[in-house]
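From first to last, the protein sequence lines stand for chains P and V. Residue numbers for the first sequence follow the UniProt record's numbering, so the first one is 1 and each next one is one higher. Residue numbers for the second sequence follow the UniProt record's numbering, so the first one is 1 and each next one is one higher.
Rather than coming from a laboratory, the hints here were simulated on the basis of the structure. Warning: the hint list may mix true and false statements.
[To be verified] Straight-line Cα separation of at most 16 angstroms, EDC-like style, residue types lysine to aspartate or glutamate; simulated pairs: (1) V:541 to P:273; (2) V:92 to V:475; (3) P:52 to P:168; (4) P:185 to P:168; (5) V:534 to V:598; (6) V:600 to V:506; (7) V:541 to V:475; (8) V:600 to P:168; (9) P:52 to P:70; (10) P:324 to P:346; (11) V:600 to P:273; (12) P:177 to V:475.
[Unchecked claim] Reference excerpt, derived from the structure (chain P facing chain V, CB under 10 angstroms, subset only): (13) 177; (14) 219; (15) 268; (16) 269; (17) 293; (18) 296.
Glycine included, every Cβ here is placed at the ideal spot set by N, Cα and C.
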Amino acid sequence: MCSLALFPAPLACGQTTLCESNNELLSGTATDHRLKQDSSPLSLYFPRESLKLHCRTESSSKAAFLDHSETLWMRSAAAWRDGGLTGLLNEITNSNTEVPKWLSVSSGFTLALLRWFSSFHGSLFPHLTMSSENMLAEFSQVLNWSDCVVRAFAWHPHADKFAVALLDDSIKIYNPKSATTPTLKHRLQRSVAAVQWKPMCASALAVACQNCLLVWHVDPCSLSTRPSSGCAQVLSNPGHSPVTSIAWSPSGSLLVSASPMDTAMMVWDVASESCVPLQRVGGGGVTFLSWSPDSSHVLASTPSALFRVWETRTWTCERWPCVKGRCQSGCWSPDGSRLLFTVQGEMVIYVLTFGDTPAGVPTCTSKGPQAAAVVADLSETTFNTADGDIIVGGEIHSLSWDPTGERLAVLLEGDPQAADRPAIIAVFKTRTNPIFELLPCGFVQGEPGAEPRMMQFHPNFQHGALLTVCWSSGRITHVPFYFLGAGVPHFGLSGSPSLPRPQERPADFANQSLFTELIS
Amino acid sequence: ILDLVNNQCWNRVVCWRAVASIAWAVLLLLPITAVFVILSRFSLLHPIQTFSGQSLCSFAIFSLILMCGVIIMVGFLNLEYYTVIPTIACSKIALLGQLLHPRQFVNSLAHCIMGIIVAWCCAVTLGGRYETIGYPCTQGDGTDSSPQMCLNEYHLILLLAGAFVGFSHSLLAVISNINYVSFHTVQQYKYLRFKGSLPFVVKCSAAQALYSVRNYIVVYFFLGYIPKAWICKTLNLHLNSSVHPLDSIAGLLDLSLLYHQWISASFLLFTWNITLLLFRIFVTEFLALQDVALLSQHSPSRRCEVFSLSQPGGHPHNWNAISKECLSLLADLTQRLVAYHDTVATNGRAKSLSTGSERKTSSETSFTSATEDLMSPRPTLLLRTPASVFARFVVGTPHSPLTAPFTPDLDSPFASPALRRLTAPLDQCSPWFGTVQSPHIMRRAPKLWSTSTGERRLMEDVRSLGSNGHLKLPEASSQALFADSQAHIWALEGLSYLVQASFSEDQFGVIQTTLPSILGCMLILQEAVDRHFKLPHASSKPVRSASGMGDSTYKTLRFALRATLKTAIYRITTTFGNHLNAVQMSAEHRKRLQQFLEYKE
Chain P
1 MCSLALFPAP LACGQTTLCE SNNELLSGTA TDHRLKQDSS PLSLYFPRES
51 LKLHCRTESS SKAAFLDHSE TLWMRSAAAW RDGGLTGLLN EITNSNTEVP
101 KWLSVSSGFT LALLRWFSSF HGSLFPHLTM SSENMLAEFS QVLNWSDCVV
151 RAFAWHPHAD KFAVALLDDS IKIYNPKSAT TPTLKHRLQR SVAAVQWKPM
201 CASALAVACQ NCLLVWHVDP CSLSTRPSSG CAQVLSNPGH SPVTSIAWSP
251 SGSLLVSASP MDTAMMVWDV ASESCVPLQR VGGGGVTFLS WSPDSSHVLA
301 STPSALFRVW ETRTWTCERW PCVKGRCQSG CWSPDGSRLL FTVQGEMVIY
351 VLTFGDTPAG VPTCTSKGPQ AAAVVADLSE TTFNTADGDI IVGGEIHSLS
401 WDPTGERLAV LLEGDPQAAD RPAIIAVFKT RTNPIFELLP CGFVQGEPGA
451 EPRMMQFHPN FQHGALLTVC WSSGRITHVP FYFLGAGVPH FGLSGSPSLP
501 RPQERPADFA NQSLFTELIS
Chain V
1 ILDLVNNQCW NRVVCWRAVA SIAWAVLLLL PITAVFVILS RFSLLHPIQT
51 FSGQSLCSFA IFSLILMCGV IIMVGFLNLE YYTVIPTIAC SKIALLGQLL
101 HPRQFVNSLA HCIMGIIVAW CCAVTLGGRY ETIGYPCTQG DGTDSSPQMC
151 LNEYHLILLL AGAFVGFSHS LLAVISNINY VSFHTVQQYK YLRFKGSLPF
201 VVKCSAAQAL YSVRNYIVVY FFLGYIPKAW ICKTLNLHLN SSVHPLDSIA
251 GLLDLSLLYH QWISASFLLF TWNITLLLFR IFVTEFLALQ DVALLSQHSP
301 SRRCEVFSLS QPGGHPHNWN AISKECLSLL ADLTQRLVAY HDTVATNGRA
351 KSLSTGSERK TSSETSFTSA TEDLMSPRPT LLLRTPASVF ARFVVGTPHS
401 PLTAPFTPDL DSPFASPALR RLTAPLDQCS PWFGTVQSPH IMRRAPKLWS
451 TSTGERRLME DVRSLGSNGH LKLPEASSQA LFADSQAHIW ALEGLSYLVQ
501 ASFSEDQFGV IQTTLPSILG CMLILQEAVD RHFKLPHASS KPVRSASGMG
551 DSTYKTLRFA LRATLKTAIY RITTTFGNHL NAVQMSAEHR KRLQQFLEYK
601 E
């Protein structure tokens, strides 16, 4: 089932993918592309130089002030406040000239014991020893998160607007119908890992930050470009940081958040700022969450080789141990019956099928599949292009399925060291009804030197699917896929997309099925 | 008579649930006591000795039985005092009035006595110097060495600690509304919920015990001689002058004594809190599921019943009943908000609305025209308690006629048969049977408020005192206004989910006829809520208090209602989209709805 070999070859250098029309990906030169894109208001470019970065963190500001000798009590209190128990013990151990000997010795002993224990714990779950920045980079759905200019992106589920989180910890909201672009900044808004708009609401935007969750209420009618931090609700729970993933329920009533440091995932009632921790032993944390579009299931992956699928009526879960690595990414079909996921260290996409039983009991508990099925093999494939050989394939960083269930975008990690193994987006055509099928569509490429970092489909694009890609250069582009959905009735010719269509139809590979449920 | 029978039915179910929770609490008592024994005998220097303690004497067995009695009593008090609509004191004097209420006095006394009993059990279990209240001693300077009974102050201090902790627990219960039972955001199984909240209960019991013991030591230091002298006198015991008295600094600074006091107080509070927690979990289990909101969200077959037409005649009785009840509930809230706003605007001070009776009169007196047009002509509809709507939704088959007294319109065409069909699936599956009854909990609050007239007069005097002084607690009146909003939230969710589902499932266009009034009602409520949140203190967030067993959900209900209302309107507008332009409505409403259609609200 080597699937990438069936794909059309990647574009030559200097060519970029423009759109899909008539079952074919059209390309153009980079300059054409830029001219065309710059005219549209939604294409953005954030050069790295334009952003003012924080050169220091908050805790390091201590060094800027003169040393001031305080009493031991004051220092202990400050250490307790800043560093908790470990900070206090450290302070007492270090100031051994001022405290009785037995106290400093015993605190040193306790500290050593604590460290030994935490190292033991860390050896069980290696991710616990990472710094929170590294952890965010490791578990983010954005490729190479720490070096990325655009750190998070979210389309509004109903209105035509989106939010962009940038490297300088600000969030900008773009709306083509409005002249103002509000910039959101908050003292606690650091290292944004994810943003998501609340469904069934015009204004609420949830932001996953390093130490907390923020829910901004951005009035769409307001002319203010800098909403005050009073517009943001701060949701925090001790031990629940850094937050790497958030997901709103499709009905807009609940918000779940996950942190690799916390074995519990939090279900928030945002209006009353209360949370219910859902704790399960094993896994060592929760890294990625995805709520199925029919709001019946939630995928929760952990840092170890295990992920869970929660059903949302009584909040029970089923464990799915993986063989090789952790679950890296996942996405749901629009009807919530299929879950595609990828595992770190493997080059395949798996599918899990859930039954439509009203109680939300997946079929695997009855007589359905006991294991996930492989639907696509994305192992490395060499293409001969005009610029030499290009190796495409490898580990998968993230998955995205468009809301009509017709296109599946796969972000391949590539190898940043090797020039001939770029990160690339492979797009599949999919069909879920009557049987699940995968067909090749093509690769989406940007201008030379730009690698895709993150992608998201527009939630309600009228003429097919619209894939928004954030590039390593700081550019955000939109690639439309014009097609008539299977669910959309064909209204003669008037319903067809109005694009220049070439006469020849290169349908050689386009109709070769990669995966169908019939043969598997 | 019907009322009586109905109450019996209701009592039966909740009583069974309470009994189950008490039974679990009693079962859990054994492991808790074991942990307590191990912890109390733990000595830092001889960790092995901890486990090689004395064998259990008959006293210990007896104390265990006593403890079971106490747990059952606590469970009974929980059952007697719980409420789903919190009583919110709008001023400090009203709070004082609550604390000095005779009923509260009885409650405190009961807790005191139970505290003493538990402390006695602890003392017996601890053994050693705590075991008995008297001990033989030789008093005097050796010349007169006749054996006497002397007072064992260690025993006494432990007993009094129990009484103090019990008393302070009952006071804190009033202040933090510990009897308020809220509904969880997500539904979980009982065991999982219990497991999830166990660490929190341990933590908060230990912390509360620490503070109580601290306060107790201060009190005992200054006033300890009074009970000591009294006990000596009544039991004819003597004070041993050779032993250091405990109400001195040196006596109280005994670390082992402090530790034992603290661990006993933690044990006491933990057993009580566990009983409360189990009670809450059992009573609210799957309560919200039977509510129309979640059913409309999760069960297509039940929705199908709602959208169906009656066989002869072809009237959508089911839908009519549901929509009418929900709309009247929402209109009631709108009226209350408008009345409150008017009072604030005219007098410059808010009228406190902490009792149900008074709230009714306020909605009676100011009958605004805003909601009149969309309401049914019967004004009695507006006077219903929120309980009635739930009574209507869940009329179980065995006693569906019994809920009739709670709905004023007995002559309405949609009497119970139609609803019975709707709720029929409920009765077939046994675990749901209990839930059929549970909305009657909602009715409990009015019952709790209906105190005797004398007491009410006292409360009203107190309230009038508070309302014109600066003793008013800010935002408390706003909290009181939304105290029962859980019902409104469910009504909004239920209506909006049904309307959303009707877009694809409603074959006969049943919803279409009521869509204008639903939208109108929601938009008016939205306007009233918006106006209310512009008042001072209404939009200020309450301080998050994570400590204690008290549930502070009621403090944020108004925010939850606002969010739910907006979501409900958006749920309808996103589903119907531009089709809503065909719905008949006033120009003002259309303008407002347009804002929602353009995602500008």
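Each hint, compared with the structure:
{"no.": "1", "hint": "V:541 to P:273", "result": "10 angstroms, holds"}
{"no.": "2", "hint": "V:92 to V:475", "result": "13 angstroms, holds"}
{"no.": "3", "hint": "P:52 to P:168", "result": "6 angstroms, holds"}
{"no.": "4", "hint": "P:185 to P:168", "result": "10 angstroms, holds"}
{"no.": "5", "hint": "V:534 to V:598", "result": "24 angstroms, violated"}
{"no.": "6", "hint": "V:600 to V:506", "result": "29 angstroms, violated"}
{"no.": "7", "hint": "V:541 to V:475", "result": "9 angstroms, holds"}
{"no.": "8", "hint": "V:600 to P:168", "result": "28 angstroms, violated"}
{"no.": "9", "hint": "P:52 to P:70", "result": "35 angstroms, violated"}
{"no.": "10", "hint": "P:324 to P:346", "result": "7 angstroms, holds"}
{"no.": "11", "hint": "V:600 to P:273", "result": "24 angstroms, violated"}
{"no.": "12", "hint": "P:177 to V:475", "result": "39 angstroms, violated"}
{"no.": "13", "hint": "177", "result": "9 angstroms, holds"}
{"no.": "14", "hint": "219", "result": "9 angstroms, holds"}
{"no.": "15", "hint": "268", "result": "8 angstroms, holds"}
{"no.": "16", "hint": "269", "result": "4 angstroms, holds"}
{"no.": "17", "hint": "293", "result": "14 angstroms, violated"}
{"no.": "18", "hint": "296", "result": "9 angstroms, holds"}
The structure fails hints 5, 6, 8, 9, 11, 12, 17 (numbered hints given earlier, in ascending order).
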